[in-house]
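Novice: So the chains spell out like this:
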Amino acid sequence: MHSEVMVGNKACAIAVKLARVQVASAYPVTPQTTITEYLSEMVANGEMKCEFVNAEGELSTQVIVQAASRVGARTFVCTSGPGQLYMHHPMHDTASRRAPVVMATVHRGNKGMQPDHTDLMSQMWTGWMQWYVENNQEILDTCLMAYRVAEDKRVRLPVAFGYDGYVLSYTAEPVEIPEQEEVDAFLPPYVPMPNILPDKADPASFGRGFGEELDPQVPWRMQHEALVKAKDVIKEVNEEYGKRFGRKYGDGLVEEYRCDGAEAVLVAMGSIAGTARASVDRLWDAGHRVGLVKLKCFIPFPNEDFQRIGGQVGAMGMVDRNVLMGMGGAGFTYLRNALYDFEDRPKILQFHAGLGGKEVKVTELVKAGEKTLRAAKGEKVASMVEWV
Amino acid sequence: MTASRILAEAGYFDGKYSQAIPMYGTERRGAPLTAYLRFDDIRVRERELVHEPDIVIVLDPLISRRQSVADGLKKGGLLILNYPQPPQEVTVAGDFNVTTVDATKIALETLGRPITNTSILGAFSKVVGMPKLESIEKAILHSFPGKIGEMNVAAVRKSYEMVPPPIPAKKLDKPVKEEVSLQVGGFGVLKSVAEWRVFTPHINLDKCTGCRSCWLFCPETAINLVNNKPEIEYDKCKGCGICVNECPVKAIEFKRESA
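Keeping their order, the protein sequence lines are chains A and B. Just so you know, our numbering puts 34 at position 26 of the first sequence, and the rest follows in order with no gaps. Just so you know, our numbering puts 345 at position 56 of the second sequence, and the rest follows in order with no gaps.
What the hints contain is simulated information worked out from the structure, not anything from laboratory work. Glycine included, every Cβ here is placed at the ideal spot set by N, Cα and C. Check before you lean on any hint, since a few could be wrong.
What the hints assert, rightly or not - Cross-link-like lysine to aspartate or glutamate pairs, in silico, EDC-like; alpha carbons within 16 Å at most:
(1) B/K305 <-> B/E423
(2) A/K366 <-> B/E484
(3) B/K527 <-> B/D462
(4) B/K364 <-> B/D384
(5) B/K496 <-> B/E423
(6) B/K364 <-> B/E337
(7) A/K355 <-> A/E394
(8) A/K256 <-> A/E271
(9) A/K369 <-> B/E542
(10) B/K305 <-> A/D352
(11) A/K57 <-> A/D192
(12) B/K527 <-> B/E509
(13) A/K385 <-> A/D349
(14) A/K369 <-> B/E423
(15) B/K305 <-> A/E271
(16) A/K375 <-> A/E394
(17) A/K355 <-> A/E244
(18) B/K427 <-> A/E12
What the hints assert, rightly or not - Computed footprint of chain B on chain A; a stretch qualifies when at least three of its residues, placed anywhere within it, have a C-beta under 8 Å from a C-beta of chain B:
(19) 178 to 190
(20) 282 to 291
(21) 366 to 376
Said to hold, decoys possible - Estimated spans, in silico, between C-beta atoms of each pair:
(22) A/G254 <-> B/F506: 30 to 38 Å
(23) A/E55 <-> B/Q374: 20 to 28 Å
(24) B/G435 <-> A/E45: 42 to 50 Å
(25) B/P464 <-> A/D268: 41 to 49 Å
(26) A/T341 <-> B/P457: 54 to 62 Å
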């Protein structure tokens, strides 16, 4: 293990190298571009044995890694904002065909260059797992864990992990890099599904309907159930990573910070969770019992975690760096869904923050925490929805 | 940006956690940008920009004359300017200490190019007391191995030796409010890009044949044609020097901006 001060995109590229990815494809788009550059450089100078395919656009990059994955290669693809939207169609097929592709989404909003989560959130229905990452160290760790989860026989589904463009992609901070042997022990070579190649004697279908004699709903149901069950595998892999490398992220799905004895919690995703930690420290220093839940695994949504935490607090303040037009924040919507069946459910407040790359300040989240606490104590708050 | 990353790494070599945040849009290399840096004993978690810095470094000698570089600087803080004159002659005023070093001159002498990113870091190390000079040198050689790194290290050592101790800045009589903020966040918001220039093109109309090469090649459309002769709109000119290079009769002279 050694450490280095590096930007988020370099941490990502190093993780891809450590994971011994065999086929990578990408089309450069700000703020993802430097991952492509680091990877090209490492492949060109022989540091990394990988087929790096330059493509003419993101639609092709997704198809390339999907095909490579289906014939048994470990694959990586990365993109941002508009590139993410352009690869939407084949993303459905990648998940549908159960190809364990891993993708880094370096967040860039859909209304400009600056970061918000609307790019990856737009892919909510493609059947990919979605994880949101807080800092550069977590980028490296998450990328390695993603391959273990995606390739697990019980899962076989693609993972997209997202981190905020600029805020992490171009910010330099210390990152610990594990040794190759340690990573090899944690992440053995990818073993593809049997019968993956066309075989007339034993025909198999991946993702498409089976024919008229079978229920066409079956592939949908299988895929959905595999995604829900993936939560257990994510927890397992996170535990093992913690044992091997000394770092884990809560239970792998959510991470609680100073929630013991808290009367209310803020819920935040991605780099905003880092800022929220500083806010929560200030709240406790001022005698306000407000904790933080970092929502890392957005899909599959950790209903059980939130039901447990929901039983301990009077209110939750969901901080969303996104908006589902005409509905509300995605985190807010999912969170309320998770707690609906739960009798003793807390109040849930909505804060939209950081859309269009708007800076999120420690003091603003302190105010959000204070408001959530007032709601927890039964005080009336002016509005349950707020654009910070 | 390079300066902030090198400082972040050097601080980490000294045992501090660090975080370097750059803010820029679709600009050219060397254009004014703002970068933010934090040092801490624990891993830095907050991601907001630094609005009330303890120390401000200004790399651009022309911007070093603007009062707004000290916006938000804490009382008793420190201002380090790339400035050809001694700290006594600094016009930026307020309740803080100030020092200067002619980083552009050092860079031109040592590197042959006006890249002040590294040369100012020696001054920082000397007056702040951290990161250690050796750590800065190690960080530079890590980013730029070989001869380029060694030239930059020489520049750092020079500014370490040359920088005078900080003195209290002039008193601020009344608050100054400048119309254009220097905060360059996301896309550039400066109305004029004149301050980007280190060198300025000057057209000698007697030599000019009116061939329009400069007008054709200027990437910023900063050259207009008046009576078939070029005229530079200096607010739009970033000082890239392409017109100087393209002029077939060498009618455009490239002179360093005087600070």
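Novice: Compare the structure with each hint and give your call.
Specialist: Hint check results:
no. : hint                          : result
1   : B/K305 <-> B/E423             : holds, 15 Å
2   : A/K366 <-> B/E484             : violated, 27 Å
3   : B/K527 <-> B/D462             : violated, 34 Å
4   : B/K364 <-> B/D384             : holds, 5 Å
5   : B/K496 <-> B/E423             : violated, 51 Å
6   : B/K364 <-> B/E337             : violated, 21 Å
7   : A/K355 <-> A/E394             : holds, 15 Å
8   : A/K256 <-> A/E271             : violated, 25 Å
9   : A/K369 <-> B/E542             : violated, 47 Å
10  : B/K305 <-> A/D352             : violated, 45 Å
11  : A/K57 <-> A/D192              : holds, 15 Å
12  : B/K527 <-> B/E509             : holds, 8 Å
13  : A/K385 <-> A/D349             : violated, 22 Å
14  : A/K369 <-> B/E423             : violated, 35 Å
15  : B/K305 <-> A/E271             : violated, 34 Å
16  : A/K375 <-> A/E394             : holds, 11 Å
17  : A/K355 <-> A/E244             : violated, 31 Å
18  : B/K427 <-> A/E12              : holds, 12 Å
19  : 178 to 190                    : holds (count 5)
20  : 282 to 291                    : holds (count 4)
21  : 366 to 376                    : holds (count 4)
22  : A/G254 <-> B/F506: 30 to 38 Å : violated, 56 Å
23  : A/E55 <-> B/Q374: 20 to 28 Å  : violated, 48 Å
24  : B/G435 <-> A/E45: 42 to 50 Å  : violated, 20 Å
25  : B/P464 <-> A/D268: 41 to 49 Å : holds, 46 Å
26  : A/T341 <-> B/P457: 54 to 62 Å : holds, 56 Å
Going down the numbered hints, you'll see the structure goes against 2, 3, 5, 6, 8, 9, 10, 13, 14, 15, 17, 22, 23 and 24, while the others check out.
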